Amino acid sequence: MSRVWNAVPDFFKQSDLRMVGGLLLLVYVVYALVNGFFAIVNNAGAVNAVVNSLASITFLMAVYAMMALALNLHWGYTGLFNIGIAGFMAVGVYASAILVAPPSGSPPGLGLPVPVAIVGGVLIAAIIGGIAALPALQLEADYLAIVTVGFSEIIRLTLQASHFAGTVQNPSASGYNVVSIFGVEFGTGGGQGITTISNSPMEFLFEGESGPTVLGQAVYPAADAIGIPEPVVLDLAYAFFLLLVVVSLYYVLLLRIGNSPFGRVLKAIREDDLVARSLGKDTRGFKIKVFMVGCGLMGLGGILWQGSFGFVNPNTFRPILTFYIFTALIVGGAGSNTGSVVGGAVFAAFLFEGPKLAARLIDAVAQLLFGGLPAPNNFYAAVVTLNPIAWLGYLVENVASLKFVFLGAVIVYLMQNRSDGLLGDRKEIASSVDLSQRPERPSAAADGGEPSDTAPSQGGEGS
Amino acid sequence: MGVTEAYREGRDLVVERPAVWLLVLATLYLAVDLAGKLAGVTLTVGGTQLVGGDLAVSTFGRFMKDGLIVGLVVGLAGVGLSMTYSILNFANFAHGDYLTTGAFSGWLAAYVTAFVTLNANVPFGEIFLLNEPALVSIVSTPLAVVVGVVVSAVVTIGSVLLLDRIVYRPMRDKGGISLLIASLGVALALRYVIVIVFSTNTRGLTRTSGVPALDIPAIDGVVPLDAHEVTLVLFAVGLMLGVHLLLQRTKLGKAMRAMADNKDLAQVTGIPTERVVRATWIIGGGLAGVAGFLIVLERGTLNFNLGFRLLLLIFAGVILGGIGSVYGAMGGGIIIGVVSRLSLVWIPSDFARVAAFLVMIVVLLYRPEGLFGGVTTA
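Chains A and B are the protein sequences, given in the same order.
Position 439 (the first sequence) corresponds to 439 in the working numbering; numbering is contiguous.
Position 192 (the second sequence) corresponds to 192 in the working numbering; numbering is contiguous.
In case anyone wonders, no lab produced these hints; they're calculated from the structure.
There could be a bad hint or two in this list.
With a Cα cut of at most 35 Å, we get these calculated DSBU-like pairs of lysine-lysine [unchecked claim]:
1. Lys267/A / Lys13/A
2. Lys263/B / Lys267/A
3. Lys174/B / Lys251/B
4. Lys13/A / Lys356/A
5. Lys174/B / Lys403/A
6. Lys356/A / Lys174/B
7. Lys174/B / Lys65/B
8. Lys267/A / Lys281/A
9. Lys254/B / Lys174/B
10. Lys13/A / Lys403/A
11. Lys174/B / Lys267/A
12. Lys289/A / Lys254/B
13. Lys13/A / Lys174/B
14. Lys281/A / Lys263/B
15. Lys263/B / Lys251/B
16. Lys281/A / Lys254/B
17. Lys289/A / Lys356/A
18. Lys267/A / Lys289/A
A few chain B residues that don't get close to chain A, going by computed Cβ distances all over 12 Å [claimed, not checked]:
19. Gly40
20. Gly125
21. Glu274
22. Asn305
Partial list, computed: chain B residues near chain A (C-beta under 7 Å) [to be verified]:
23. Trp21
24. Met171
25. Ile177
26. Ser178
27. Val193
28. Ile196
29. Leu245
30. Leu312
31. Phe315
32. Pro348
33. Ile361
34. Leu364
35. Leu365
Please read all numbers here as calculations on a predicted model, not as lab measurements.
The C-beta atom is built at its ideal place from N, Cα and C for all residues, glycine as well.
Produce the complete structure using the sequences and hints provided.
Shown next as structure tokens:
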């Protein structure tokens with residue numbers, strides 16, 4: 001691993017921004033090359049294929065970076081082992097969807113404007129997070145894990161239940177299931193799912209009520225000229241909005257929290273709850289607050305991610321989703337904001353989408369070389385052929401399952417060998433003076449065992 | 001204990017922990033309500049029905065029976081989870097998938113046995129992938145069931161020991177959270193290795209017709225108990241008894257209890273800790289595998305999510321009984337099973353699992369040492 005790191009040009013190591021930029025560049029080059037190759041093999045339009053794949057990978061990197069940052073507030077900063085992320089995302093998505101749904105729809109909603117619905121969704125996610133935090137006050141980490149995953153399953157099962165679906169709206173019918181609180185009627189859609197705020201969040205920028213807007217008139221023909229259809233333009237715009245605007249905002253917010261007195265207490269809680277309490281900090285209050293903020297961010301992440309497809313159902317929010325986000329954070333390194341972003345990007349591009357890409361690549365190469373891999377339709381049929389090529393074909397066919405095995409193995413490897421992730425071992429600066437600006441010492445001597453004249457002079461090591 | 005003392009303790013409880021008191025009241029209310037429902041008595045105050053209603057005794061009996069059966073499986077599986085929790089100090093999220101491993105391996109063995117003994121005229125591929133529906137039952141192929149139980153235990157023990165060797169053993173000195181995260185990875189990898197072999201299909205495996213059932217008379221009906229359920233109960237109770245004898249009568253049991261109590265002290269006393277850890281995995285893994293096999297025998301259906309869906313219930317049972325206590329895990333599992341089924345008296349079936357999880361959270365909040373309180377592996 002260190003050999004790979006040494007091969008990276010120094011230019012990218014000089015600042016976090018360059019490192020993230022370099023990583024994105026690497027991902028884009030790999031994806032552009034591979035997808036361009038696929039397009040050429042399949043005789044499809046190369047530009048469209050490449051841009052489309054870049055839009056989708058950008059979207060995935062952005063959403064995982066966003067969620068990893070939100071989780072970093074809980075797990076990285078405060079040491080709260082929250083594995084109920086999917087549940088809090090579900091609350092955000094569902095709350096915003098219900099707030100925005102028209103009162104006459106099925107299920108009915110409150111018919112509020114979109115910005116209000118988003119803010120409302122985030123607030124409700126934060127409040128639910130605050131309620132979930134109550135157990136967090138007195139539980140050890142592994143109990144908290146069980147409680148939060150239980151909590152997220154309770155949320156999912158409740159959303160799935162036909163009892164609150166709001167689909168049978170005749171009060172005298174036997175299956176009447178509209179929820180009514182103080183005369184406000186709404187429903188969750190039950191197992192059928194619910195319509196979310198938007199299925200194309202960027203459309204309003206490009207298309208007005210009467211045809212394309214100024215921006216649309218400028219961009220659409222240009223895109224069309226190089227073979228990119230309009231929906232891809234919209235996807236690309238949204239993906240880059242998430243990556244450049246939302247992830248940056250999350251990052252800055254996390255950085256500000258981390259450097260504030262509030263954040264320092266959080267880190268103190270992570271290191272030793274008892275010490276923080278001995279210093280007169282009300283750690284319970286801090287835990288509730290940080291749970292609310294983090295769950296609000298998770299809710300917002302949910303709205304911007306799962307809420308952007310136009311439709312969602314409770315099955316989206318199974319515990320596996322939480323596991324993805326946790327993996328992203330662990331890969332990057334819990335506690336480090338840059339690590340969260342890097343982890344989100346690495347997870348999305350290489351761990352989540354990588355196996356699929358590799359399988360397609362193997363398939364395409366096989367197609368070129370000897371007209372395609374055999375595809376046995378089950379494990380038994382594959383094994384009895386006694387043909388390793390058929391085994392490979394079966395694995396390529398089942399790469400969706402193989403991906404999970406790979407993910408599990410990566411997690412185990414990381415926990416055994418590098419539990420700090422890629423960037424998690426960097427030192428936190430607790431003092432007001434940047435102590436990392438010290439000159440490098442000649443040897444790993446113990447602190448204080450060196451002559452004092454070497455300490456202050458040089459400096460200027462980039463951090 | 002004198003009356004005054006009891007009174008004072010009761011008063012302290014009410015004053016200091018009002019939430020506990022409220023919970024006790026709620027539980028009492030539900031008990032009274034249930035009694036009223038069973039007796040068919042309704043108490044109405046001011047137009048709202050306060051307690052009671054109508055519930056057939058036989059329906060209640062069915063809920064109890066289903067609850068006990070699920071509970072036995074949850075309890076059996078919980079033994080291993082509780083033991084690894086107390087001896088290795090981590091919450092093993094892969095435990096549910098040990099059940100899945102046991103279920104698939106055991107049923108594969110049962111199917112192959114049935115294929116041979118019945119001389120079935122189906123392609124072997126269909127048998128191997130468990131795609132041939134409803135081949136096995138305790139009546140037509142008792143040998144297959146027994147073989148299935150044994151193989152499920154053996155294969156699960158083998159996989160669990162292998163996983164311990166490559167995943168957990170290099171991490172013995174790491175913290176509980178690192179191990180927990182690693183176990184999440186193990187769970188995922190194990191589950192999807194099974195998917196690669198057996199696909200994500202849900203299959204029906206047991207023959208439902210022609211299985212003799214015993215009708216236990218209840219006041220206004222009957223509670224049917226079929227041969228598969230009897231088999232499950234016999235195996236589960238037998239294994240629980242076996243664990244009891246092992247823990248109480250053998251030197252290994254004593255070593256385990258010592259290690260759960262204080263690992264360093266056990267090591268100093270000369271207890272071979274690695275051997276105890278291996279024994280823990282063997283017992284826990286074997287019971288989990290058999291539990292996975294047995295629940296399929298009763299339900300009749302199997303898919304790759306079986307164990308993971310049960311995992312939270314198992315955790316709930318273990319927490320309820322007090323983490324680290326083997327008997328607590330058995331008792332807690334049975335309570336959780338009964339709660340999840342009996343809750344159907346009051347709430348729709350969509351919420352049965354919700355009720356069980358809520359009970360777990362409430363217990364963690366107000367009695368984290370478990371209902372039976374502070375007994376460790378004894």
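Here is what the structure says about each hint:
1. Lys267/A / Lys13/A: Between Lys267/A and Lys13/A the Cα gap is close to 26 Å, so the pair holds against 35 Å.
2. Lys263/B / Lys267/A: With a Cα-Cα distance of about 30 Å, the restraint between Lys263/B and Lys267/A holds, given a limit of 35 Å.
3. Lys174/B / Lys251/B: holds, 28 Å
4. Lys13/A / Lys356/A: holds, 29 Å
5. Lys174/B / Lys403/A: Holds, at about 27 Å.
6. Lys356/A / Lys174/B: Since the Cα atoms of Lys356/A and Lys174/B sit roughly 33 Å apart, the hinted pair holds (cutoff 35 Å).
7. Lys174/B / Lys65/B: Status violated; Cα separation ~42 Å.
8. Lys267/A / Lys281/A: At roughly 12 Å apart (the allowed maximum being 35 Å), Lys281/A and Lys267/A satisfy the hint.
9. Lys254/B / Lys174/B: holds, 26 Å
10. Lys13/A / Lys403/A: holds, 30 Å
11. Lys174/B / Lys267/A: holds, 21 Å
12. Lys289/A / Lys254/B: With a Cα-Cα distance of about 46 Å, the restraint between Lys289/A and Lys254/B is violated, given a limit of 35 Å.
13. Lys13/A / Lys174/B: holds, 31 Å
14. Lys281/A / Lys263/B: holds, 34 Å
15. Lys263/B / Lys251/B: Holds, at about 16 Å.
16. Lys281/A / Lys254/B: Roughly 44 Å between the alpha carbons, so the hint for Lys281/A and Lys254/B is violated.
17. Lys289/A / Lys356/A: violated, 40 Å
18. Lys267/A / Lys289/A: Between Lys267/A and Lys289/A the Cα gap is close to 14 Å, so the pair holds against 35 Å.
19. Gly40: Non-interface label on Gly40/B holds, nearest chain A Cβ at 24 Å vs cutoff 12 Å.
20. Gly125: violated, 4 Å
21. Glu274: holds, 18 Å
22. Asn305: Non-interface label on Asn305/B violated, nearest chain A Cβ at 9 Å vs cutoff 12 Å.
23. Trp21: With Cβ-Cβ at 18 Å, over 7 Å, it is violated.
24. Met171: Since chain A brings a Cβ to about 6 Å from Met171/B, closer than 7 Å, the hint holds.
25. Ile177: OK, holds: Ile177/B within 7 Å of chain A, min 5 Å.
26. Ser178: holds, 5 Å
27. Val193: holds, 6 Å
28. Ile196: Hint on Ile196/B: holds, closest Cβ of chain A at ~5 Å, below 7 Å.
29. Leu245: Hint violated; Leu245/B Cβ to chain A Cβ min 30 Å, cut 7 Å.
30. Leu312: Interface hint status for Leu312/B: holds (6 Å vs cutoff 7 Å).
31. Phe315: Holds, because the Cβ-Cβ distance from Phe315/B to chain A comes to roughly 5 Å (cut-off 7 Å).
32. Pro348: Holds, because the Cβ-Cβ distance from Pro348/B to chain A comes to roughly 6 Å (cut-off 7 Å).
33. Ile361: Holds - the Cβ of Ile361/B comes within 7 Å of chain A, reaching about 5 Å at its closest.
34. Leu364: Cβ of Leu364/B sits 6 Å from chain A, so the hint holds.
35. Leu365: holds, 6 Å
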